[in-house]
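Novice: Sequence:
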Amino acid sequence: MAEQNKGLRLFNTLTGRLESFTPLDANGERVNMYVCGPTVYDDAHLGHARCYITWDVLFRFLQFSGYKVRYVRNVTDVDDKILNRAKERGELPAELAERNYQSFTEDMAALNVLPPTEEPRATRYIRHMLSGIEVLIAKGAAYITPDGSAYFRVAAKADYGKLKYATQNVEVLKRHLDDLKAGARVEVDEGKESPLDFALWKAVPLSDLNGWESPWPAKGDSKGWGRPGWHMECSAMNHALFGEQIDIHAGGADLIFPHHENEIAQSEAWTGKQPFSKFWLHNGFVNVSGEKMSKSLGNFSTIKKLLTRYDANTIRYFLLTNHYRMPVDFNEEALQAAENWTKRIYRLVKGVLGALKIRQADLIASVAPNARQLEGQEDPAGVFGLFQEAMLDDLNTPRALGVLNAALGNLQLSFNECPDAVETRAHFKAVATIMTQLGFDLAVLFDSSASSVPAEDVRAMYRQITEKNPEQEPGVLLEELVALRKQAKASKDWPQADAIRKHFTDIGLQILDNKDGTTTVEKDGLEIVRV
RNA sequence: GGCGGCAUGGCCAAGUGGUAAGGCAGGAGUCUGCAAAACUCUCACCCCCAGUUCGAAUCUGGGUGCCGCCUCCA
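Count along the first sequence from 1, then add 53; that gives the number in the numbering used here.
No lab work stands behind these hints: they were computed from the structure. Don't be surprised by glycine CBs; every beta carbon is placed ideally from N, CA and C. Check each hint, because a few of them may be wrong.
Across the chosen pairs, the derived CB separations fall in these ranges [to be verified]:
| # | residue 1 | residue 2 | range |
| --- | --- | --- | --- |
| 1 | S342 | F310 | 51 to 57 Å |
| 2 | D473 | S73 | 52 to 58 Å |
| 3 | L77 | D446 | 21 to 27 Å |
| 4 | G325 | E266 | 49 to 55 Å |
| 5 | P451 | R516 | 47 to 53 Å |
| 6 | V188 | P451 | 28 to 34 Å |
| 7 | L77 | D473 | 46 to 52 Å |
| 8 | E386 | A147 | 18 to 24 Å |
| 9 | L145 | E266 | 34 to 40 Å |
| 10 | S260 | R62 | 34 to 40 Å |
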């Protein structure tokens, strides 16, 4: 039998404590994990990046730890925000949702976020939602109002509120309910038995094109018509795909209440089984210069926009330097620090890749896919052990990055001393494995081509320096220019050599003279040409 | 108003009882035609007060400040 507890500890919002993670699976092998996915009404922003990168890291680490993970991340493609946005744009809601979903998929891929095992869409589970609501009605946990809407009867769930307050103390819960009732911001809908009750199904007029048939017609109508309440889809998709219980349910901290609390109430009332999810995990928010990032403040950055300025590894490093449950502050200085780090390690890793003649395929092969493979293997400076230790401790990525930096330091030293030593390879494997497990994308280091520099810029520079009209491809021209500078250097014509350097820097290219006599042309830390 | 969280050097951030990891930035030096890289050295008594303890950034109590949730939000 497989080891039940692999030493992972996670902070469970359900209990408010750090707990040892063990899956429900009797063999302790399979893990079912559900993450609340995006509502596809707009481009994804940095907040989404933080959320999905966090759970991407968990997904990777669970697999690294030897679990077989089924990771479901839903797509909310029915929602008032989608309808409103579609209306504004004069577009069909389904088209808008599809377009944004594609955009989201691109963003996730660009951020090197692994695709989940499945990505169910809410609109494909309407029927399942309706049948779930019928079960709730039959059990007395839900009721229909005269207009044909369905509400969850919170009074029917004695332990409602357990997620947020993480306590079994009934009195505290009661007080919590009183507080909620007294709260100024609980609106009282027509027909609701209690202000705490929430919609499972919202009736809409038959004339509304964006509706589905329900079994509950409003007074005078021939058939029922409406849309799902906003918590129901997650309960339904979990029920349809996983059954009654799952191991991990995760999402942004803002979802704790009411979304997740209501999901728990629905799902547990539906199946009679609890806990609906053994672990509830929540990531912290992204602030912008100390303020909450929000549309109303206009201070949010879309992933697409961010990626024009910073590469994916920089964004990931920036996010992972903060523990996932803490708020992270987005500001230029922090991003700049992350970018400097990224550039530094690019230089090192590129140098190693070149010296050891490691190709992309070799790189993948040199990354250990799971911790088990590392057992009994050489662990240079104990970094694998330290890395795992950090990650097992509630995904302590800041600490894990500290370990990575130590591994990078070891690699640098070994590389300086003897690039081709066995030791260097071992250190490199440690670095490559840790980086890959944290979701850094090393493939970008192989993506060197002159095409990333506008051909016109290169031709213009060539014209300035040689006063000749160029015809060749940028790559060839760059090589010629490097050769020209090399000649100038050889004849100690320093002004000319420096002038050429300046021309390169003017169009955003860096010239680096290497120890071995070669010269590298880089753009943003990435090699373009090496002569 | 209710509840939760956080407070460590210029910036970010580990560290939960024994005298402060790491990254970025900065300073000094080595190397170098220039530039870059690399290497060496250097840079904090942990918001305040009181308490527990031989000993606290780390535990307890009080205070101050900041943030979040309670409303769509990742």
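Novice: Hints first: check each against the structure and report whether it holds.
Specialist: Here is what the structure says about each hint:
1. S342 - F310: 51 to 57 Å: Hint violated: Cβ distance 27 Å, outside 51 to 57 Å.
2. D473 - S73: 52 to 58 Å: 44 Å, violated
3. L77 - D446: 21 to 27 Å: 23 Å, holds
4. G325 - E266: 49 to 55 Å: 28 Å, violated
5. P451 - R516: 47 to 53 Å: 49 Å, holds
6. V188 - P451: 28 to 34 Å: Violated: the Cβ-Cβ distance is about 44 Å, outside 28 to 34 Å.
7. L77 - D473: 46 to 52 Å: 49 Å, holds
8. E386 - A147: 18 to 24 Å: 42 Å, violated
9. L145 - E266: 34 to 40 Å: This hint is violated: roughly 19 Å between Cβ atoms.
10. S260 - R62: 34 to 40 Å: For R62 against S260, whose Cβ atoms are near 54 Å apart, the range 34 to 40 Å is violated.
Of the numbered hints stated above, those contradicted by the structure are hints 1, 2, 4, 6, 8, 9 and 10, listed in ascending order.
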